[in-house]
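Undergrad: With the hints as extra help, turn the sequences into a complete structure.
If you're matching them up, the sequences are chains A and B in order. Just so we're aligned: the first sequence equals residues 1 to 208 in the working numbering. Just so we're aligned: the second sequence equals residues 1001 to 1208 in the working numbering.
FYI, nobody ran anything at the bench for these hints, they're computed from the structure. There could be a bad hint or two in this list.
[Claimed, not checked] Partner residues aside, some chain A positions facing chain B, computed with beta carbon under 7 Å:
#, residue
1, Leu117
2, Gly134
3, Lys136
4, Val137
5, Pro153
6, Ile154
7, Leu156
8, Gln157
9, Ala159
10, Ala164
11, Arg201
By construction, the Cβ of each residue, glycine as well, lies at the ideal position given by its N, Cα and C atoms.
Protein chains: 2
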Amino acid sequence: MSVPGDPARVGVLISGRGSNLQALLDAAAAYRLGGRVAVVVSNVAEAAGLERARRAGVPAIVQDHRGRSREEHDLSLLAHLQAHGVDLVCLAGYMRLLSPVLIRAYPGRVLNVHPSLLPAFPGLDAQRQAWEHGVKVSGATVHLVDEGLDTGPIVLQEAVPVLADDTPQALAARILEAEHRIYPQAVRLVLSGRLVRQGRRLLEETAP
Amino acid sequence: MSVPGDPARVGVLISGRGSNLQALLDAAAAYRLGGRVAVVVSNVAEAAGLERARRAGVPAIVQDHRGRSREEHDLSLLAHLQAHGVDLVCLAGYMRLLSPVLIRAYPGRVLNVHPSLLPAFPGLDAQRQAWEHGVKVSGATVHLVDEGLDTGPIVLQEAVPVLADDTPQALAARILEAEHRIYPQAVRLVLSGRLVRQGRRLLEETAP
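TA: Written out as structure tokens, the structure reads:
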């Protein structure tokens, strides 16, 4: 864990292009993240996000999940995160479910971004689910990761309109812009230590 | 049914205060509804909405549901609606499920307004459900009524923020303002005849 005066350390897990990773790196570079990205781990060797990390001077690690149990894989991830003193874990297009071993090592300290207004449209291909359902408003959600699928307490959400001539792809692109806005804000909010939990509700403590 | 040149006729079903009925009456008076409210029917004799109808010069009928089957009651409602030449039925705080006999008599012509961004939080007390779930965005939905509970195709939605110091009551009041905005718009859209359906999606046809 970080020492007082040190910026908080964020570990980012990716599987692909890492556009949300880039949003976190950009926010850190502009001192808008409330911490710095200390390590990026990908389960896919070809993930373009690894190069984004390297360009930003952040250690980029490949940890292949194939041929190992979920727990074995997650214990390796955990070792990398702890070796880099990570305080907060961010999933950014990480395409595997986490096992309890990782979630319990970072209680209330694993974040995910999801391309819908949860609890609507959890799971894969949320943008297409929303489009096919015919909603007029969808959006993006940053939430704490618990042991369910996209069920954890919500940190931030942003609404995004669905337009009459949208394709699922056009809608996904508009939602992605919202993800890039709210993910760094949510990280900053969690790192601030000012979020309090009441039931499922996460509320920002206001100054006394 | 209305004859050419005649404004379309809207029938409104209520059970209570009828604030959404008032929004429809106000829109009609301002020629923003695309039709006029031809009759209001309440299943509750004390519903304050009945007086709103009378003040607007609209026939206000009480049809008590007690002691009768759902189908018997809905056949009576249907008789009132047809006697007033109703083209489109709007539920406005009508607290009973409709039977197929009424829905099938007005295919694609029964609307409801619901205080959440459906498909999230269907059913009763949607504002409190959303508040307890800890969402940061909720809203209002106008949808076609089918034989499920709040499952029909969506005509319009408006997002409403959930604020840190909200109570369920404060959130409900903010959502109600959105309901009053989108319900008349949705009625106008349906009456325009320009909505086309693709799967579950309702789209506004643009001019050729």
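Undergrad: Look at each hint and say if it fits the structure.
TA: Each hint, compared with the structure:
| no. | hint | in the structure |
| --- | --- | --- |
| 1 | Leu117 | holds (6 Å) |
| 2 | Gly134 | holds (4 Å) |
| 3 | Lys136 | holds (4 Å) |
| 4 | Val137 | holds (5 Å) |
| 5 | Pro153 | holds (6 Å) |
| 6 | Ile154 | holds (5 Å) |
| 7 | Leu156 | holds (6 Å) |
| 8 | Gln157 | holds (4 Å) |
| 9 | Ala159 | holds (4 Å) |
| 10 | Ala164 | holds (5 Å) |
| 11 | Arg201 | holds (4 Å) |
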